[in-house]
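Visitor: Using the sequences and the accompanying hints, generate a full structural model.
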Amino acid sequence: MPTLFLSHGSPMLAVQDSAAGRFLDGLGAQLPKPRAIVVASAHFAAVPTHVGTAAAPRTVHDFGGFPPALYDLQYPAAGLPELGEEIARRVSEAGIAARVATEHGLDHGVWVPLRRMYPEADIPVVPLSVDPRGDAAAHLALGRALADLRRDDILVIGSGGFVHNLGDLDWQHPDAPLAPWAAEFADWMRGRLRDHDIDALADWQARAPHARHAHPTVEHLMPLFVALGAAGDAPTMRHLHQSHEFGTLALDAFAFD
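Letter 102 of the sequence shown, counting from 1, is numbered 102 in this note's numbering, and no numbers are missing.
For the record, the hints were derived by calculation from the structure and aren't laboratory data. Don't be surprised by glycine CBs; every beta carbon is placed ideally from N, CA and C. All clues given are correct.
The following label-pair restraints were derived from C-beta to C-beta distances:
| id | residue 1 | residue 2 | range |
| --- | --- | --- | --- |
| 1 | 170 | 102 | 35 to 43 Å |
| 2 | 209 | 71 | 36 to 44 Å |
| 3 | 63 | 175 | 17 to 25 Å |
| 4 | 173 | 97 | 37 to 45 Å |
| 5 | 63 | 170 | 16 to 24 Å |
| 6 | 71 | 166 | 17 to 25 Å |
| 7 | 29 | 152 | 19 to 27 Å |
| 8 | 63 | 103 | 18 to 26 Å |
Guide: Next up, the structure:
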């Protein structure tokens with residue numbers, strides 16, 4: 001099973017026709033069907049690492065200002081408490097503090113892409129937190145603690161955003177060209193991922209052009225490093241999708257094998 005990094009963009013991705021949405025519509029069928037899915041989401045920010053263990057996690061509408069119909073959507077996937085507890089144990093054994101979150105639901109970073117990939121919601125889902133003040137090295141280590149899950153037909157997904165600066169979105173022009181600074185950052189990241197330059201990626205805030213502009217806060221990029229770490233030693237990268245919205249929101253997706 002590969003690991004995935006998916007940019008989830010706006011919550012409207014759940015219902016709107018878009019390049020990223022159409023990509024996700026076909027992605028699930030391209031993969032072996034997993035027996036469970038673990039999602040490290042930018043919108044599950046908690047320290048130490050939290051792992052959801054609810055048997056029936058609720059659908060969380062953690063956003064505001066969108067059409068009323070969006071708040072009626074549900075993603076009734078089951079949880080898998082025993083897997084959540086196993087993940088917490090694996091993470092702790094790797095020297096990373098972890099705890100279970102028995103009541104945690106599925107935020108939109110989880111259910112929005114999964115609703116398009118697996119609309120029947122028939123695969124159990126376990127949510128995993130990221131540290132909103134953490135660094136790439138810590139999230140690579142978190143991912144490495146999960147690497148053996150791939151051998152058990154478990155799909156590990158990092159759900160975030162490849163370029164994510166909400167303050168610079170061009171809300172009036174969803175089809176605006178990608179801003180030069182956003183393109184430069186994205187191109188640098190793609191190159192380092194293609195070359196598997198882990199040292200440069202781990203130091204992205206110092207080395208990548210326009211790093212702080214692309215990610216004023218880091219939580220939307222940290223799921224990428226979880227997915228990369230969970231792919232094990234020296235994985236290959238497949239660039240699955242590239243599109244953007246609102247002039248600065250880059251929606252790249254990658255698989256790591």
